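So the chains spell out like this:
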Amino acid sequence: MLILKLQAPFASFRTFTAGSFRPTASFITPSAAYGLLLNVAGIEMRYDDGKSVMTKIDTGLPECSIALAALKFPKAHSLYQQIHNYPVGNTGKKRKDITKGGKYNIVPARRAFLSNIKALIALKDNHKLEEKIQSGLQGKIRRKYGLPFLGDNNFLIDRLEVITEPEPAHWYIPIKADNEIEYNEYITRLTITIDRAQMSKTRSALFVPTKRPVKDIPQKAWVTVKY
Amino acid sequence: MNIFGTILTYAAPSANYRGESAENRSVLQKITQGRFEYPIISPEAIRNALRDTLRELGLPCNRERLNDEEQLAVKFQDYPDPDRFADDFFMGWLIAAGSKDRKKILKELKERGRNPEAFSFKRDSILRMNLAVALEPYRYDSIFTQSPQDVTPNEIKSYKNAENSQLLHREVTYTPFQYPFALNLNECEQKKDWTKILLKAIGQLNGVAGNHARSYFEMAPASIIIRLTNLLVAGYSTYGFEIKDGKHLFPEVIEGILQNDYPGSEFYFGGKIVKDMDEPQLNSLKEKGATLERNPQKLIDIVAEKMFASGE
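Respectively, the protein sequence lines represent chains A and B.
Counting in our numbering, the first sequence tops out at residue 227, every number present.
Counting in our numbering, the second sequence tops out at residue 1312, every number present.
Hints in this document: simulated from the structure, not taken from any laboratory.
Given the structure is predicted, the values throughout are model-derived calculations rather than measurements.
Idealized CB from N, CA, C, for every residue including glycine.
Hints may contain errors.
As the list claims (entries may be wrong) - Here are some chain B residues pointing at chain A (derived, C-beta under 7 angstroms):
| hint | residue |
| --- | --- |
| 1 | I1031 |
| 2 | G1034 |
| 3 | S1042 |
| 4 | F1076 |
| 5 | I1095 |
| 6 | G1098 |
| 7 | S1099 |
| 8 | L1106 |
| 9 | L1109 |
| 10 | M1129 |
| 11 | H1212 |
| 12 | L1231 |
| 13 | L1232 |
| 14 | T1238 |
| 15 | Y1239 |
Bound-form chain A, shown alone (with noise of 0.2 angstroms):
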């Protein structure tokens, strides 16, 4: 089991979503916890299938399960932003030659984004992937992607070490039927594996963060990431 502490002042992750408000889950997700993982493990998990408008996500990847606590939960901000866009219908279309390919509308828009991220990420039944992470994070890795981000590459990390002991944290625990939980105010839709192409083929589910911190990882808090 590896346990990483992840220290960053902004971050954001997107739902899907398109129009004025780009909303962001309350918490890191699983699904961005393991891209993340993954980019720092220097694992290319993009895919162009020389077709798709979206990128889409590679075959083969490695799985693993993951649990993710708050240290701290963070705020939620937004931010009025005059963005670029492609637009619905003829809106703009003058302007779409001289964009070469790019966005060539631009409108008001809010976007969330959260302050503040004190988190713990914890990772196993993968050993190979956890040595990989070990070395990517030491810089031993020849990476062919950029620095690792939260969300939107310009909310970078301030830390992201690996601890031995985890300190007391609220360890996000998904909801089942037969569950026993103490319900609180930090309940939350947080995405486990996602579909670009086809989001029914997303899984998520509700997570709610155990209400007094604990120090040991729950066993219900672990999740699968299998894509």
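Take the given structure of chain A and dock chain B to it, following the hints.
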């Protein structure tokens, strides 16, 4: 090898809005930290100004702002080309094209003599930046101004500004901002000279904080701290600048170097933070291998020379 840096600007009045206003009140964008709201400037605004600065410093850039359109607009010279355009190289792009459009674009590229095999529809940004956050909380300062009535006769010009005098109300703040940036130098290898100019541009950055006609605000560093490291993350709080009694401080890292939490040789300090240090602290940091330079632009030049020197 990677670069992690934080810049702290000088204090000046600024007015970063443009996103949204409340009736005739132009509002600053802010976030809440603890009990107070702090003004912020988006990394997109910083990146936009950086493109202009790269162009000013002589690098070829693909995207340019069109300043005389009905709405905010940009123009590209060509499809993205990281070998030809510095802004494409550092800031990446996204062309959201389906298979039909992809074929059309690739055909067009081939006709123009470009190699479609070498073309990519997406590239992530090599340059990483983050929100600029004010050091001082917003204290509800606002300025009232009044625009004059436009009584120009129609025979002179048919278009008039608002016919009645308008009362304008805008939020302003008097504060320095700090913002971090990062670069993976392995990705910059092919364009070492461009990377050095990019750092230079960061050292001379201007025209970011909005409403430039009324508020001249420089985003260039008053103080700067840089770490050159093999680690993938900075390893310290990248918003670590503090100001106490007018002095620029970065206690987590300075204390960390002195206590051997961090290798001093990986750290570079420049500008006011160095001028504000007393002699014993300066000497202790030098003994630990840190590089200190009173002029932030000079420090950036030192880092620019050093960053590819290891041959990595």
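How the hints compare with the structure:
The criterion of a C-beta within 7 angstroms of any C-beta in chain A is met by B/I1031, whose closest approach is roughly 5 angstroms, and the hint holds. Below 7 angstroms, beta-carbon pairs count as interface contacts, and B/G1034 has none with chain A, the closest being about 10 angstroms; its hint is therefore violated. Given hint, B/S1042 at the interface with chain A, holds; its Cβ is 6 angstroms from that chain's nearest Cβ, closer than 7 angstroms. Hint status for B/F1076: holds, given a least beta-carbon distance of 4 angstroms to chain A, under 7 angstroms.
Satisfaction of the interface hint for B/I1095 is found here, the shortest Cβ-Cβ separation to chain A being roughly 4 angstroms, below the 7 angstroms cut-off. Hint on B/G1098 holds. Least Cβ distance to chain A is approximately 5 angstroms, under the 7 angstroms limit. Interface restraint check for B/S1099: the shortest CB-CB distance to chain A comes to about 4 angstroms, inside 7 angstroms, so the restraint holds. Hint status for B/L1106: violated, given a least beta-carbon distance of 10 angstroms to chain A, over 7 angstroms.
With its C-beta approaching chain A no nearer than about 10 angstroms, B/L1109 sits outside the 7 angstroms limit, and its interface hint is violated. Below 7 angstroms, beta-carbon pairs count as interface contacts, and B/M1129 has one with chain A at about 6 angstroms; its hint therefore holds. Because the beta carbon of B/H1212 sits about 15 angstroms from the nearest beta carbon in chain A, more than 7 angstroms, this interface hint is broken. Nearest Cβ of chain A to the Cβ of B/L1231: about 6 angstroms, under the 7 angstroms cut. The hint holds.
With its C-beta approaching chain A no nearer than about 6 angstroms, B/L1232 sits inside the 7 angstroms limit, and its interface hint holds. Taking 7 angstroms as the C-beta cut-off, the interface hint given for B/T1238 holds, the closest approach to chain A being about 5 angstroms. Nearest Cβ of chain A to the Cβ of B/Y1239: about 5 angstroms, under the 7 angstroms cut. The hint holds.
In this structure, the earlier hints numbered 2, 8, 9, 11 are contradicted, and the remaining ones agree with it.
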